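Novice: Sequence:
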Amino acid sequence: MSPIKKLIIDRYSARTFLDREIEPYTINHILSCAYNAPSKQGLYPYTIYVLGEDPVAKEFKDFMFWEDTWCVKGERANPKDKNSTNKRFNGQYKAPLTLLWAHRDLDEDMHKDKDYWEYYWPMARENNLVDMTVSASFAMLAAEEAGLRTCFGRCHSYQYTDTVLGKGDVIVGLALGIGYAEDDNDHKGMMIKPVLDAEGTKHGYETKNLNKSFPKFKHDYRKNKPAWDDLIKFIS
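So the sequence shown is numbered by the numbering used here: it starts at 1 and just counts up by one.
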């Protein structure tokens, strides 16, 4: 088996990370791979925000984890569900390194006052997500190759206004959490575990760091993977 295929097969989404610093040269390597990813027409219509262990970055990550990402039954919760014990958190926002890909439209200043802008911009955002995903995939594989664990997602607000990300509106397409993590090998057949705050109060649940040995039929997400023939079609 090739090294790249083994990385892909052995990878799982880690949501609980060790309190271990990521070496600066490793971070630079990951960012270099993300930076050198291909982009349609070489536009690179995104900005990569790097949230590390700086106090300002950590405060924003805490906000994204505790206040901006909670889910109930797989969907964004309504305010009335704020105290639900079904609440699911998203550990990628608490990772030692969280990368955010945000939309950067190179033509906005030139075109935003034109009549067609309301039709152009939604289409541009969809195209931007393609490039973001390619860049994030490169970063993910670079991190896994370096011995770190990763988790990506879009369980956050679509738009942030006047935050640490910058003045005005910043539209974040996706996030990638990166850090050192350990497998939850003593899972006892359970997929989730409670999320506790600093005082030990339970606020909801988080998915465990489950490697491929965890029974697929007990995993809420892996069991949804289609069969090879359903996903891959040869045309002849």
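Everything labelled a hint here was simulated from the structure, so no lab data went into it.
Remember, predicted model here, so these are calculated numbers, not experimental data.
Where a beta carbon is used, it is the ideal one built from N, C-alpha and C, also for glycine.
Some hints here could point you the wrong way.
Calculated lysine-lysine pairs in the DSSO-like style (CA-CA distance at most 27 Å, straight line) [to be verified]:
1) K6 with K202
2) K202 with K87
3) K225 with K188
4) K216 with K188
5) K87 with K193
Between beta-carbon pairs, the in silico distance windows are [claimed, not checked]:
6) L196 with K114: 48 to 54 Å
7) E182 with A57: 36 to 42 Å
8) E118 with F234: 30 to 36 Å
9) K167 with G42: 25 to 31 Å
10) K167 with E53: 35 to 41 Å
11) P226 with L196: 31 to 37 Å
Novice: None of the hints should be skipped; say for each whether it holds.
Specialist: A quick look at each hint next to the structure:
This hinted pair does not check out: K6 and K202 have alpha carbons roughly 36 Å apart, beyond 27 Å. A C-alpha spacing of about 10 Å is found between K202 and K87, which places the hinted pair at or below 27 Å, so the restraint holds. For the suggested pair K225 and K188, the alpha carbons sit about 23 Å apart, so the restraint of at most 27 Å is met. A threshold of 27 Å between alpha carbons decides the hint, and for K216 with K188 the separation of about 14 Å falls inside it, so the pair holds.
Straight-line distance between C-alpha atoms of K87 and K193 comes to about 11 Å, which keeps the hinted pair within the 27 Å bound. The hinted window of 48 to 54 Å between L196 and K114 holds, with their beta carbons roughly 52 Å apart. Distance hint for E182 and A57: a CB-CB separation of about 24 Å, inconsistent with the stated range 36 to 42 Å. Distance hint check for E118 and F234: the Cβ-Cβ separation is about 41 Å, which falls outside the suggested range of 30 to 36 Å.
The supplied range of 25 to 31 Å is met by K167 and G42, whose beta-carbon atoms lie about 27 Å from each other. At about 24 Å, the beta-carbon gap between K167 and E53 misses the expected band of 35 to 41 Å. The hinted window of 31 to 37 Å between P226 and L196 holds, with their beta carbons roughly 36 Å apart.
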